[in-house]
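Modelling step: build the complete structure from the supplied sequences, incorporating the hints.
Okay, so the sequence shown: first residue is 15 according to our numbering, each after it adds one.
Hints were generated in silico from the structure; no laboratory data involved. Built from N, CA and C at the ideal position, the CB exists for glycine as well. Watch out, some of these pointers could steer you wrong.
Said to hold, decoys possible - Ranges of calculated distance between the beta carbons of each label pair, as one might list FRET restraints: (1) Y170 - L134: 56 to 64 Å; (2) E258 - Q222: 36 to 44 Å; (3) D227 - A257: 40 to 48 Å; (4) A156 - Q205: 33 to 41 Å.
Said to hold, decoys possible - Computed cross-link-like contacts, SDA-like style, restricted to lysine to any residue with a CA-CA straight-line distance of at most 20 Å: (5) K254 - R198; (6) K254 - L242; (7) K171 - Q159; (8) K255 - S209.
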Amino acid sequence: MSQTYVSSQLECTKIYVAISACSDIWFRLFDHRPFLSGEIKQFVKDFEESRGDQEVARLFDALEWATDVRDSQVDHALGSLPNLEKINTLLDIANQNCNTVLEHEQDYSVNKDGPWLHELLSTAELELPQPYVPPRNPVLEARCQRLRAQIAEQEYKKMTKNVDNSRVHHPEDTIQYQLNIINRQLIAVFQFVVSVATGFTFGFYGIQLMTGDLDFGFRLLLGVICSLIIALAEIYFLAKKLAEDMDFPDMPKSKVD
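What follows is the structure, encoded as structure tokens:
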């Protein structure tokens, strides 16, 4: 009897242990409340922190916008206050003009037998602005007048040289005059060539004699530089001399005049 009781107690204990183990397994598998509770608390905490950060960021943005408005827009608005009255006056004038146009449009819509556009234009006059004519330089005008007079005098002498024996032969019509002109031009060209060659020789040999041995390329460069400087100077003086030669000489007055 006692053995049966002990064995039944052992069986009951085993069943209880098995049921406790099964319930523990059940709660571990299907009861997520502890896990979800921790996750929910962490989510709420993160949400409150992020909300606080967003609110702080919005406050900083609002402060930045307010500072920007105070630094840039307030002065601009204060500066535009004196022009508000002028703008208001211009708006009133524009409103009056618009009302005038509307009144004319209403009158035209009521009375369509008024004058036509071509009738109004037939009696109108078109006034165009006169173009501005800048005054001429008096020195240039005097030079042009002198050249015109000299050219007219030459043309007159050419036309009347067969009439007056003293005007049959002009100095510029003779071969001697042309040869003198050619000689002067050849002498000018020869002087130009000699001057450039002399400058190159000075830069190529003269500087070496003063300073000592120099590299061939450097000597050549010095010769070219010296010759270019002299060539520019000679071209200037040659152009000046040619400009003087191109001026028309004063024509001698004729005996008849």
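Results for each hint:
1. Judged by the Cβ atoms, the range 56 to 64 Å given for Y170 and L134 holds: they are separated by roughly 59 Å.
2. With their beta carbons about 39 Å apart, E258 and Q222 fall inside the hinted range of 36 to 44 Å.
3. Hint check: D227 to A257, Cβ distance near 45 Å, so the stated range 40 to 48 Å holds.
4. Range check, A156 to Q205: about 34 Å between beta-carbon atoms, so the 33 to 41 Å window is met.
5. A distance of roughly 14 Å separates the Cα atoms of K254 and R198; the hinted pair therefore holds under the 20 Å criterion.
6. In summary, the hint linking K254 to L242 is supported, as the alpha carbons are separated by about 18 Å, within the 20 Å threshold.
7. Pair hint K171 plus Q159 holds up; C-alpha atoms about 18 Å apart against a cutoff of 20 Å.
8. Simply put, K255 and S209 have alpha-carbon atoms about 16 Å apart, close enough for the 20 Å limit, and the pair holds.
Checked against the numbered hints listed earlier, the structure breaks none of them; every hint is satisfied.
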